[in-house]
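A.B. asks: From first to last, the protein sequence lines stand for chains A and B. Residue numbers for the first sequence, in the numbering used here: 600 to 875. Residue numbers for the second sequence, in the numbering used here: 600 to 875.
Keep in mind the hints are simulated off the structure, nothing from the lab. Treat each hint with caution, since some may be false.
A pair holds if it fits inside one copy or across any two, identical chains being indistinguishable in the list.
[Unchecked claim] The list that follows gives simulated cross-link-like pairs (lysine-lysine, BS3-like), each with its CA atoms no further than 25 Å apart:
(1) 757 <-> 803
(2) 774 <-> 736
(3) 736 <-> 755
(4) 803 <-> 875
(5) 724 <-> 875
(6) 724 <-> 869
(7) 803 <-> 736
(8) 724 <-> 803
(9) 858 <-> 844
(10) 803 <-> 844
Chain by chain, the residues run as shown.
There are 2 protein chains.
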Amino acid sequence: MILFNKIVIIGTGLIGGSLGLALKKQHLAGCVIGLSRQRKNSRRAKKVGAIDAIGSSLEVVADADLVILATPIDTIIDLAGRISNKLKKGCIVIDVGSSKERIVSKLSALIPNFLGCHPLAGSEKSGITNLQDGIFKGSICIITPTAKTNPYALNKVKLLWNKLGAKIVILSAKKHDQALAFTSHLPHALAFSLISAIPERFLKISSGSLRDTTRISSSDANLWSEIFLSNRANLLTALSIFQIKLTALKLALESGNKKPLVSILVSANKKREKLK
Amino acid sequence: MILFNKIVIIGTGLIGGSLGLALKKQHLAGCVIGLSRQRKNSRRAKKVGAIDAIGSSLEVVADADLVILATPIDTIIDLAGRISNKLKKGCIVIDVGSSKERIVSKLSALIPNFLGCHPLAGSEKSGITNLQDGIFKGSICIITPTAKTNPYALNKVKLLWNKLGAKIVILSAKKHDQALAFTSHLPHALAFSLISAIPERFLKISSGSLRDTTRISSSDANLWSEIFLSNRANLLTALSIFQIKLTALKLALESGNKKPLVSILVSANKKREKLK
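Throw the hints in and build the complete structure from the sequences for me.
C.D. replies: Here it is in structure tokens:
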């Protein structure tokens, strides 16, 4: 079932490239054109069948029915300004950035049929070598429409993610950023800080607990700096609340009494149960 | 190859029970007797073949060749006082606790052939229902002898862990606790605090990053309170160093400049590379 005749994906990294693979596998596109700042990425994407052809310039968006912006956040915003006057009428544009407020406010003003999307399907293994068409299956995709969003465009984008197997959650960009500050950006900030705190000589005396808690500290530094900065206020709030919890644990530890410590850990156990 | 004729395991939870399974699978014991505070645990351990028989009281250690203390830390210390005068000459006693200084100083004074051991093979899934004979294969087992350790006992215990497939690391109890404060106790403290900081309504809007960074916050509250308290000074040091790193990230974030943030994240990426 072809949903869009011509799809252009700008940024053929982990998410963009995997989207190409999945769109083609599900036969949702007439053709998929890919563009990438690094020529070797789009060449690789073509080689593995994630895109049908490599776009030679941004002019390629001119007759696109869907444009997917799958680059780091600052580049998404920059690209929007550069493509907005090239799009044909009715062309839908989505992004897949990890924070939404800044992107949605800028892109909604520039592009009539813009919709912010955030598939929670990333990984610490960014880039073209880790493409998987199945990463969206069973994952959550958050869509952040505004009051002005065209219902036709929204339905079509919902259908797209549905066909890729994602469970759709509709949130305002503001709510999205508040939630993700806690559930994604905070864990990343802690993982980066945790691995930084471990003396190098101790690294080899470790097991699964350090490996799992720091897995995401391998995440791309440039990509994540932009995510952190684009959601700065919410992340600072999340960090403050985390620090209150950490201080409570530290005080219980300093007290030397087991009871308050057990009580903190039991509450954590119960909260964690609800994540499953 | 029978290494010990009679082995008594006190505490048949995840580590104790899995040890029983592994010892029997490798035919390293003439017989394995299990004791557990909760009768249902030892019954279950017998049912799954982790032990040959259930000990009716601590008197069962009287003719043991190896006693394995596999309970939470405070209980290990308590048990040592209660069994030390019941052991036959030459009986080797090991524990599998997650901190070593307190245990080794107390138990070495009480039991001539005591050796502190810490197999880095635990899991957030404690208890008898998660036994696996293979959890020691390829894992690290830290052994913490003292100047007074009997070399014969040390060699026999090394051979035991070797036969179970563990890679042995010899450390002083002090070094062990300094290292593990960073590589295990700190990640646990952060995971407990992280899950505590997440507003419950956001839990469902999350992905693998929160799941992995908080996996170990399901760890047993009583067990971990005792681990934290028994390694309090080292853990407080590790927490302070972590907080310095987190503050650096926070300041970079507050500055709004990408460059210092990227630099912190790139260093973290490089450190994480060394963990593999």
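A.B. asks: Given identical chains, is residue 858 near residue 844, meaning Cα to Cα at most 25 Å, within a copy, between copies, both, or neither?
C.D. replies: within (16 Å within a copy, 29 Å between copies)
A.B. asks: Could you place residue 774 and residue 736 in one of the four classes (within, between, both, neither) given a Cα distance threshold of 25 Å?
C.D. replies: Cα proximity of residue 774 and residue 736: one copy only (24 Å, versus 46 Å across).
A.B. asks: Is it within, between, both or neither when you check residue 736 against residue 755 at 25 Å Cα-Cα?
C.D. replies: Result: close within a single copy only, 18 Å intra versus 51 Å inter.
A.B. asks: With 25 Å as the alpha-carbon cut-off, assign the pair residue 724 and residue 875 to within, between, both or neither.
C.D. replies: Intra 23 Å, inter 14 Å, cutoff 25 Å: intra and inter.
A.B. asks: Between copies, within a copy, both or neither: which fits residue 803 and residue 736 at Cα up to 25 Å?
C.D. replies: between (35 Å within a copy, 17 Å between copies)
A.B. asks: Between the shortest in-copy and the shortest cross-copy C-alpha distance, which are at most 25 Å for residue 803 and residue 844: within, between, both, or neither?
C.D. replies: Between copies, since 21 Å is at most 25 Å while 29 Å is not.
A.B. asks: Reference check for the pair residue 803 and residue 875, CA-CA at most 25 Å: within, between, both, or neither?
C.D. replies: Cα proximity of residue 803 and residue 875: across copies only (9 Å, versus 30 Å in one copy).
A.B. asks: Check residue 724 against residue 803 for me: Cα-Cα at most 25 Å, and say if that holds within a copy, between copies, both or neither.
C.D. replies: both (22 Å within a copy, 23 Å between copies)
A.B. asks: Up to 25 Å between alpha-carbons, please classify residue 724 paired with residue 869: within, between, both or neither.
C.D. replies: Answer is between; shortest inter-copy Cα gap is 14 Å, intra-copy 31 Å.
A.B. asks: Is it within, between, both or neither when you check residue 757 against residue 803 at 25 Å Cα-Cα?
C.D. replies: between (46 Å within a copy, 19 Å between copies)
When the structure is compared with the earlier hints, no violation turns up for any of them.
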